[in-house]
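Colleague: Single-letter residue listing:
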Amino acid sequence: MSENYETVIGLEVHAELKTQTKIFCSCSTAFGAEPNTQTCPVCAGFPGVLPVLNEKVVELAIKTGLALHSQIPEICKFDRKNYFYPDSPKAYQISQFDMPVCIGGYLDIDVNGEKKRIGITRAHMEEDAGKLVHQGDITTTPFSLVDLNRCGVPLLEIVSEPDLRSSQEARAYMEKLRSILLFAGVSDCKMEEGSLRCDANVSVRPTGQKEFGTRAEIKNLNSFRALERAIEYEVKRQIEALEDGEEIVQETRTWDEEKQLTRSMRSKEEAHDYRYFPEPDLPPLHISRDRVGEIRDEMPEMPEQAQERLVKDYGLPEYDAAILTLTPESLCFLDQCLSHYPDAKMISNWMMGELSRLLNQNNQEISDCKLKPADLVHMLKLIDDGTISGKMGKTVFEEMFSSGKSPVLIIKEKGLVQISDEGTLLPVIEDIIKANPKVVEDYKNGKDKAFGFFIGQIMKSTRGQANPALVNKLLKERLDCL
Amino acid sequence: MALNMKEVEHVALLARLSLSDDEKKIFGEQLSSILNYADTLNALATDDVEPLTHVLPAFNVFRVDSIRPSMQQKEMLTNAPLAEEGQYKVPKIM
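Quick mapping for you: the protein sequence lines, in order, are chains A and B.
The first sequence begins at 23 in this note's numbering and counts up one residue at a time.
The second sequence begins at 6 in this note's numbering and counts up one residue at a time.
Because the hints were derived from the structure by calculation, they are not lab data.
Mixed in with the good hints, there may be bad ones.
As the list claims (entries may be wrong) - Ranges of calculated distance between the beta carbons of each label pair, as one might list FRET restraints:
| # | chain 1 | residue 1 | chain 2 | residue 2 | range |
| --- | --- | --- | --- | --- | --- |
| 1 | A | S286 | B | S71 | 39 to 45 Å |
| 2 | A | M287 | B | K79 | 31 to 37 Å |
| 3 | A | N134 | B | T51 | 18 to 24 Å |
| 4 | A | V133 | B | P96 | 45 to 51 Å |
| 5 | B | R21 | A | K232 | 39 to 45 Å |
Here the structure is a predicted model, which is why all the values come from computation and not from measurement.
Every residue gets a Cβ at the ideal spot worked out from N, C-alpha and C, and that includes glycine.
With the rest of the complex left out, here is chain B:
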């Protein structure tokens, strides 16, 4: 299943990637090959197989609802490129 150019552009927009025409072509081909592999899987007969929601045979992994100390504000903001008044500073959105 090959992706057309419009679909590649749509996926790039969703991922907030700006791609050159050459890149669109390269990534379009790579994505198509991934989808082709999914088609291979789709071709398998799975009528007798239970649907799976997770690859591990685990379920009901819980924590109790009790507070543990959070990290210090200063520590948390160490990684922020910009910070002000104890908050992350980001380019405006609206």
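So that you can see chain A by itself, here it is in the shape it has in the complex:
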């Protein structure tokens, strides 16, 4: 059934811009403050107040536009979007309608090894709304509580073209966009704090049809997982409705994380007309080409440039390079290792293996873990020179991760030093051979298991500290000359 339909998705992503203060007043944007302690007459919408634009917001918006290959127009302006809802005390949101700060653009995604270019329609600056807390049971409570701290927090809404064709592509787009925003340094992108949010416009159409189907806009997608799941649910719902001969209604739906389904949010009769008009309290912006040039010159390395560098200069596989450039912190860690240790693939293996496993397990980001790049490099060198084995490395690594201690200290504390001295190992090997004449016999008769038995015994009597490669070599020499 579903193979007869094509899914069409466009995403609207709201990224909170990384500023100290709100977009139109000097209240702090810090997350987690007591309700209504970061508000003033401007952001709380008192009559007679005047908004004044935060210059940092414009700079970060232009930076984002450049990172997304957008055009930055010479003139842009703000407009009022009118609607009644208690999260918006002015009864309008200051946004940008027909002259946004970024026009066009694209980003490239990679799904199952296939590259695809996704168009960006536009990006515009706007103010965030407040937070509504429903008291008690949402269906029965007669009241809601309103916290206006978020009111006026600067957002950049980035609108994609309807170029996405599956939930995986939508997720890949969102992940790529996040890494671009992080590298550009324009947003914290903390989805759990709401500084990166996403609405998905989803429709289906019979395969081969040119016109788009009627779309539903899904709100409240607060994680990559929710984005994927909600799209999958919605596509199934729409296809089933069409198969049953129903018509899809253009509407706003919300993702219910608990029940794992989308629900209709607004009744049809409610008028949906924002009556945009130019914001009279804010004069328009003239963005000089010199200013755009300055911002362009300050642009940091973007994830794709970093990937290319890692592949070209260090011979890292593309897959590794893509994973390790998902966040600037991860790339920074890798770069710090690389400045003291040339084997990028070896570092990558540890980062994508042990480090990533421990981070996931402890629900941590690379930036808040105790492991230092210099210590990882030091440990790799100790493996290379035979001081410890690769297996001991894992133990050392876990300890470095949890305590931040240096590898040398850990090796000393745990008595992990590898025995790579022939003079120490040979007598051990001789003794074990002598004690097991029957197994020697088996070995001579070609039984592979016998060799393994000896290795096991040697490791046991050296408490796992014998250098495995050296033991192998010495044991083979001994046995073969018997």
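Use these hints to put chain B onto chain A, whose structure you have.
Modeller: Same frame as chain A, but now just chain B:
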């Protein structure tokens, strides 16, 4: 350009105004006269006039991004008809 009754009702709904039939008639006429005035403006030849986005010849009015103290929670809530737990209390929406 005269507004029909449906349009008047639509605009009233958007503004969350509940109007009596008499009011709809009165405001409908007033709104229509405003639109008629806009028609008068539309009749002017403006082919040679640059589009204007703001009536003042000002642009690029900025603030620096530095924090100034917000108002106290208590002070902000003084105007709220209802407040609870440091928040504005409003009739439920959903």
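Colleague: If a hint holds in the structure, say so; if it doesn't, say that too.
Modeller: Evaluated hints:
{"no.": "1", "hint": "S286(A) with S71(B): 39 to 45 Å", "result": "holds, 44 Å"}
{"no.": "2", "hint": "M287(A) with K79(B): 31 to 37 Å", "result": "holds, 34 Å"}
{"no.": "3", "hint": "N134(A) with T51(B): 18 to 24 Å", "result": "violated, 55 Å"}
{"no.": "4", "hint": "V133(A) with P96(B): 45 to 51 Å", "result": "holds, 46 Å"}
{"no.": "5", "hint": "R21(B) with K232(A): 39 to 45 Å", "result": "holds, 40 Å"}
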